[in-house]
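**Q** Note that the protein sequences, when read in sequence, are chains A and B. With this note's numbering, letter number 128 in the first sequence gets 128, and the count goes up by one each step, no holes. With this note's numbering, letter number 262 in the second sequence gets 262, and the count goes up by one each step, no holes.
Listed below are several chain A residues computed to face chain B (Cβ distance under 10 Å; list not exhaustive):
#1 Y11
#2 E12
#3 K19
#4 M31
#5 G33
#6 T60
#7 Y61
#8 C63
#9 G64
#10 S65
#11 A66
#12 A116
In silico lysine to aspartate or glutamate, EDC-like type, Cα no more than 20 Å apart, as pairs:
#13 K379(B) - D9(A)
#14 K19(A) - E378(B)
#15 K25(A) - E127(A)
#16 K57(A) - D21(A)
#17 K318(B) - E12(A)
#18 K57(A) - D382(B)
To be clear, the hints were calculated from the coordinates, so they are not data collected in a lab. Cβ coordinates follow ideal geometry from the N, Cα and C atoms, glycine included.
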Amino acid sequence: MAYSDKVLDHYENPRNVGKMDVEKKNVGTGMVGAPACGDVMRLQIQVDDDGVIEDAKFKTYGCGSAIASSSLLTEWVKGKRLDEAEEIKNSQIAEELSLPPVKIHCSVLAEDAIKAAVADLRQKQIED
Amino acid sequence: MNKPIYFDYLATTPTDPRVANEMMKCLSMEGNFGNPASRSHVFGWKAEEAVENARRQVADLINADSREIVWTSGATESDNLAIKGAAYFYKGKGQHILTSSIEHKAVLDSCRQLEREGYEVTYLEPGSDGLITPDLVANGLRDDTILVSIMHANNEIGTVNDIEGIGEITRAKGVIFHVDAAQSAGKVEIDMEKMKVDLLSLSAHKMYGPKGIGALYVGRKPRIRLQALIHGGGHERGMRSGTLATHQIVGMGEAANIAMEEMESERDRLISLRERLWSGVKDLEAVQINGDFDQRLPGVLNISFSFVEGESLIMSLKDLAISSGSACTSASLEPSYVLRALGLSDELAHSSLRFSFGRFSTEEDVDLAIEQLVHSVEKLRDLSPLWDMYKDGVDLDSVQWAAH
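Taking the hints into account, I'd like the entire structure generated from these sequences.
**A** Structure representation (structure tokens):
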């Protein structure tokens with residue numbers, strides 16, 4: 001299978017790889033997928049006092065398209081408010097990376113990951 | 001060094017230049033182009049002579065009589081002819097077939113077809129070592145079993161079954177024994193005098209011959225009868241009609257001849273390459289070889305690299321031509337059914353690669369593979385949330401995953 005140049009770029013130079021402290025009040029963590037299915041994404045976002053995403057980190061177990069989808073997502077969410085980040089659609093990711101039909105599920109997983117991270121952060125803020 | 005380096009000799013092999021040279025002599029007007037079935041002129045006689053010479057070369061490789069060799073288009077056709085041909089011919093004796101869950105798709109799908117036609121099939125599960133033992137076969141036999149089909153060497157993990165032992169059991173019970181030897185022929189010893197096998201599938205392109213040609217050994221003592229699947233001019237004693245492809249057949253014969261002459265020295269060389277590869281990667285944490293370590297083909301290792309996904313590992317190893325399993329199923333995203341049958345979790349099956357090397361592989365090739373493998377596995381583990389969790393002591397089996 002041939003990968004697009006953008007997938008290859010993110011795969012070879014993944015952006016924002018890392019791990020944040022899940023306990024911190026201003027960090028939201030979304031972990032989606034399952035090892036048995038061949039992909040697991042962990043996406044973390046950190047917001048500033050105004051609720052704007054100031055940093056994002058990811059780690060992904062999965063194919064090149066899954067790694068590229070999550071790497072791209074970390075670039076996109078930085079500087080966005082939570083409600084804006086939630087509006088990112090898998091179709092936008094798939095289009096940007098020119099994912100073939102068999103890899104669309106990777107972009108779906110990325111969308112699930114940001115939604116899960118935002119939900120986690122909101123839950124923490126309610127509990128606060 | 002030409003890149004990418006070929007590490008997929010179980011998928012197919014390049015045709016040996018010595019083989020290609022013999023084949024080219026059987027094509028053009030100046031060459032041996034005649035129809036081997038033509039009886040009325042020298043063109044036919046010469047072609048027939050070449051075909052019969054090749055038949056003897058293939059028979060010699062497995063210590064059989066040349067009258068026991070039937071030409072086919074490849075091992076897939078040989079498997080189909082053996083299984084369906086025997087099942088149809090001996091239907092009156094019984095309708096149960098015994099095989100294993102880790103056979104090649106050509107065997108499994110032939111059995112599935114027979115199930116649709118009313119036959120019953122039992123699929124033996126291997127142990128975690130990937131072996132189908134004589135005991136497993138003995139316990140699976142029924143009074144109405146007419147055919148047992150077990151592969152010699154597995155095409156994904158390279159394990160080699162005890163065919164001699166299984167043959168003792170089936171022969172004693174009077175059950176026909178078919179062996180798919182596509183992956184083992186020319187690599188390990190096959191002896192039809194010692195092994196009580198009735199039908200044996202062979203392929204040319206797995207042993208440095210051309211694609212599109214194979215053979216089925218059909219034993220004469222005891223005599224095995226088959227119902228033909230392809231009807232026509234009654235070639236190959238009625239078992240497989242169709243004009244014989246002289247150049248292909250001559251190629252397979254020469255490939256068999258070379259394989260027999262070089263088997264011993266090649267085996268030792270490939271085992272040392274295999275050991276070189278394993279000693280280069282075994283110090284990475286959480287890696288394992290799939291299938292029995294000793295009872296295996298010389299040039300094959302299937303290795304699991306936990307917490308790294310196989311497809312992305314292949315993508316990162318762009319200088320190495322490797323596969324995550326059988327070429328016949330590599331278009332699918334499903335984890336390998338062979339690895340799952342060994343008891344590997346889906347996750348570990350997703351994290352496995354098959355390395356197979358052969359006649360043109362060198363120590364330098366293996367050294368480069370080791371260097372790139374170690375680099376890529378470490379890089380991808382740095383990217384892997386599962387590796388983080390493993391390092392933090394989290395038991396991945398205890399996590400509630402949202403399967404998708």
